[in-house]
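Trainee: Now for the letters of each chain:
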Amino acid sequence: MTPPMTPGTELAPQVFTIRRADLVRYAGASGDFNPIHWSDRVATAVGLPGVIAHGMFTMALAARAVADWTDDAEIVELGCKFTNPVVVPDDDTGVEVHVAGTVRSEDDGLTTLALEVTCGGQKVLGMPRAVIRA
Amino acid sequence: MPIDAALVGREFPPTAPYTITEVKLREFAAATGTPYTEGGPAPATFPVVVSFAAMNGFLEAERLDLFRIVHGDQRFVHERPLRAGDVVSARLTVDSVRSLGGADVIGTTSVISDQDGVTVCTAKATLVHRGDPA
Chain H
1 MTPPMTPGTE
11 LAPQVFTIRR
21 ADLVRYAGAS
31 GDFNPIHWSD
41 RVATAVGLPG
51 VIAHGMFTMA
61 LAARAVADWT
71 DDAEIVELGC
81 KFTNPVVVPD
91 DDTGVEVHVA
101 GTVRSEDDGL
111 TTLALEVTCG
121 GQKVLGMPRA
131 VIRA
Chain C
1 MPIDAALVGR
11 EFPPTAPYTI
21 TEVKLREFAA
31 ATGTPYTEGG
41 PAPATFPVVV
51 SFAAMNGFLE
61 AERLDLFRIV
71 HGDQRFVHER
81 PLRAGDVVSA
91 RLTVDSVRSL
101 GGADVIGTTS
111 VISDQDGVTV
121 CTAKATLVHR
131 GDPA
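Respectively, the protein sequence lines represent chains H and C. Residue 50 in the working numbering sits at position 50 of the first sequence; the count goes up by one each step and never skips. Residue 126 in the working numbering sits at position 126 of the second sequence; the count goes up by one each step and never skips.
Extracted from the complex, chain H is given alone in its bound form (with noise of 0.2 Å):
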């Protein structure tokens, strides 16, 4: 059920887990094949705690909460800053991340959805913002 898009309604958070095999697979669907978000021994090379989630996959993940919570309604904009990295270990439990969303504004049709997106009680993404086409 599609929760009324009024400014200040919380939209029910959701989780979603993040496995080394997502990441994989995300790589072959999206072409991005770079090796921090595979390889641990490329990864500490260039100074990160360990394989990354790519962004844009959290991004997606973001962007499927949205598509979730307003019954796909068209996105129109989506952006964010990458704040934290998501280290996504390599076991068969992997981690999990949080998206909560708030709507922010509606005008002319146009909804904003200001999202908080975290990783172990920490943002991962800076100021994520959805705009709909309600």
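Hints should not be assumed to be uniformly reliable.
As the list claims (entries may be wrong) - Straight-line alpha carbon distances no greater than 30 Å define the calculated DSBU-like cross-link-like pairs of lysine-lysine that follow:
#1 C:Lys124 x C:Lys24
#2 C:Lys124 x H:Lys81
#3 H:Lys81 x H:Lys123
#4 C:Lys24 x H:Lys81
#5 H:Lys123 x C:Lys124
As the list claims (entries may be wrong) - Taking CB as the label site, the calculated pair distances span:
#6 C:Asp4 x H:Thr102: 38 to 48 Å
#7 H:Gln122 x C:Leu100: 12 to 22 Å
#8 H:Thr102 x C:Thr37: 27 to 37 Å
#9 H:Glu106 x C:Arg80: 13 to 23 Å
#10 H:Glu106 x C:Ala5: 40 to 50 Å
#11 C:Ser99 x H:Thr6: 38 to 48 Å
Hints are computed from structural coordinates only; laboratory data are not their basis. Glycine included, every Cβ here is placed at the ideal spot set by N, Cα and C.
Position chain C relative to chain H; hints supplied.
Mentor: Showing chain C alone in chain H's frame:
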């Protein structure tokens, strides 16, 4: 090695025309867990398939290593949803180059246009290039 600030304003050649297929849209949707119905709009972050190709062309032209790049931010402005059958191409322009804590921060805009030359999506990305450790 710092990146030459003379790059600012430079436009790189358009990517080879890319024909969006149902198979690719299904693959991308499945990799991101996004709903997709045949003939329907592409997932909101799908244009990355083309903008990433434009970034790769830029990195190759400037002899920059992909593994030294992390994504700083990303924004998509969609003029219309992409669909299977669209033939698209991206033109990347360098907007800004600055130095930040030993890294080069490169602002880019990739304009994605369809077979009629009409802009369908503008993808802005900031790329953080980490040089060799001192």
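Trainee: Each hint: holds or not?
Mentor: Status of each hint after checking the structure:
1. C:Lys124 x C:Lys24: holds, 23 Å
2. C:Lys124 x H:Lys81: Roughly 11 Å between the alpha carbons, so the hint for Lys124 (chain C) and Lys81 (chain H) holds.
3. H:Lys81 x H:Lys123: Judged against 30 Å, a Cα distance of about 11 Å means the pair holds.
4. C:Lys24 x H:Lys81: At roughly 27 Å apart (the allowed maximum being 30 Å), Lys81 (chain H) and Lys24 (chain C) satisfy the hint.
5. H:Lys123 x C:Lys124: The hint holds at about 21 Å.
6. C:Asp4 x H:Thr102: 38 to 48 Å: Hint holds: Cβ distance 42 Å, inside 38 to 48 Å.
7. H:Gln122 x C:Leu100: 12 to 22 Å: holds, 21 Å
8. H:Thr102 x C:Thr37: 27 to 37 Å: holds, 28 Å
9. H:Glu106 x C:Arg80: 13 to 23 Å: holds, 21 Å
10. H:Glu106 x C:Ala5: 40 to 50 Å: Because 42 Å falls inside the window, the suggested range holds.
11. C:Ser99 x H:Thr6: 38 to 48 Å: Roughly 45 Å apart at Cβ, these two residues keep to the hinted range, so it holds.
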